[in-house]
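Each residue of the sequence shown is one higher than the one before, starting from 906 at the first, in the numbering used here.
Please keep in mind that the hints were generated in silico from the structure rather than gathered at the bench.
For clarity, every value in this text was computed on a predicted model and none was experimentally measured.
A hint or two may mislead.
Claimed, not checked - Computed cross-link-like contacts, BS3-like style, restricted to lysine-lysine with a CA-CA straight-line distance of at most 30 Å: (1) K1027 x K1086; (2) K1086 x K1153; (3) K1086 x K1114; (4) K1027 x K1153; (5) K1113 x K1153.
To be verified - Restraint-style ranges between C-beta atoms, simulated for each label pair: (6) V978 x K1027: 33 to 41 Å; (7) V953 x R928: 37 to 45 Å; (8) E968 x V1010: 44 to 52 Å; (9) E1134 x V978: 43 to 51 Å.
From the three backbone atoms N, C-alpha and C, an ideal C-beta is built for every residue, glycine too.
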Amino acid sequence: MRIAVVQTASSYDKAANRDLVTRLVADAAQGRPDLVVLPEAMMSDFAVDGESVAEAAEPLDGEFVATLRKAAVEHGVAIVAGMFERSCDQSRPYNTLLAVGADGVLLGAYRKIHLYDAFGYKESDQLTAGDVAPVVIQVGDHTLGLMTCYDLRFPELSRALVDAGAEVLVVPAAWVRGPLKEHHWTTLLTARAIENTCYVAAAAQNGKKYCGLSQVVDPQGIALTSVGESDGTGYAEVSAERLADVRKRNPSLQNRRYSVTPR
């Protein structure tokens, strides 16, 4: 499977963001990927302090998802992207990853479990946390596990996804810039790949607020592609043979003697 990780910055203009998604998927499709991964919050950027993302939220049959489905069918690629989805609490929507197949069919929706209540920010003031359950999807012959941004700091979720069959952890993000934050991002991406002997495909927002550094990491912790700080797209091949070889030489998943049951 060939993966494209797309790095860009969304805005508060949802129509402009839909146009941007259409253009970025078309551009990424020229590299013939099977999967295009877009960042977290592609439908609309996070609200500034004191404001809310609630007005921007949409249902799963709204305009943003329709844009993803149309682009997927037009270019024959699966797509994962972040949006704000309406919840039962009108003032606090979900931070959702939406996955559609190359045929436009909804593959799955993951509602962010770990809300970013850290580094002076409180995401839970604006958003509702999703159910504590791993979400995996199938793209071709590969099983993918969905995570969002701050989830990366919680190894229990990545392990639950791998235990559910994930060979690739897909991590759209809007990782906020700050002292040592870029170091945390790259270190945690590498750690999640090594400890789970799996691939990690991370697509991040960039610009003034976010750090970028989108990349695909292989099961040995090697960055197969990295976008840096500017807008761009990185491509990498995911190989079942490579995965099996690494897990044979480093059978750490089989050698576990302790497990954590999700709460």
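Open item on the list: Need the status of pair K1027, K1153: alpha-carbon distance at most 30 Å?
Closed with: Status violated; Cα separation ~42 Å.
TODO: Kindly confirm whether 44 to 52 Å is satisfied by the beta carbon distance between E968 and V1010.
DONE: 18 Å, violated
Open item on the list: Given the hinted pair K1027 and K1086, is their Cα-Cα distance within 30 Å?
Closed with: 17 Å, holds
Task: Cβ separation of E1134 and V978, checked against the hinted range 43 to 51 Å - done: 32 Å, violated
Task: Restraint status (C-alpha distance of K1086 to K1114 at most 30 Å) - done: Answer holds: K1086 to K1114 is near 12 Å, not above 30 Å.
- [ ] Compare the distance between the alpha carbons of K1086 and K1153 with 30 Å, and conclude whether the hinted pair is satisfied.
- [x] 33 Å, violated
Open item on the list: Quick check on a hinted range of 37 to 45 Å for V953 and R928, using CB atoms only.
Closed with: 26 Å, violated
Open item on the list: Does the beta carbon distance between V978 and K1027 stay inside 33 to 41 Å, or does it fall outside?
Closed with: 39 Å, holds
Open item on the list: What's the verdict on K1113 and K1153, does the C-alpha distance respect the 30 Å limit or exceed it?
Closed with: 43 Å, violated
The structure does not agree with the numbered hints 2, 4, 5, 7, 8 and 9 stated previously, though it agrees with the rest.
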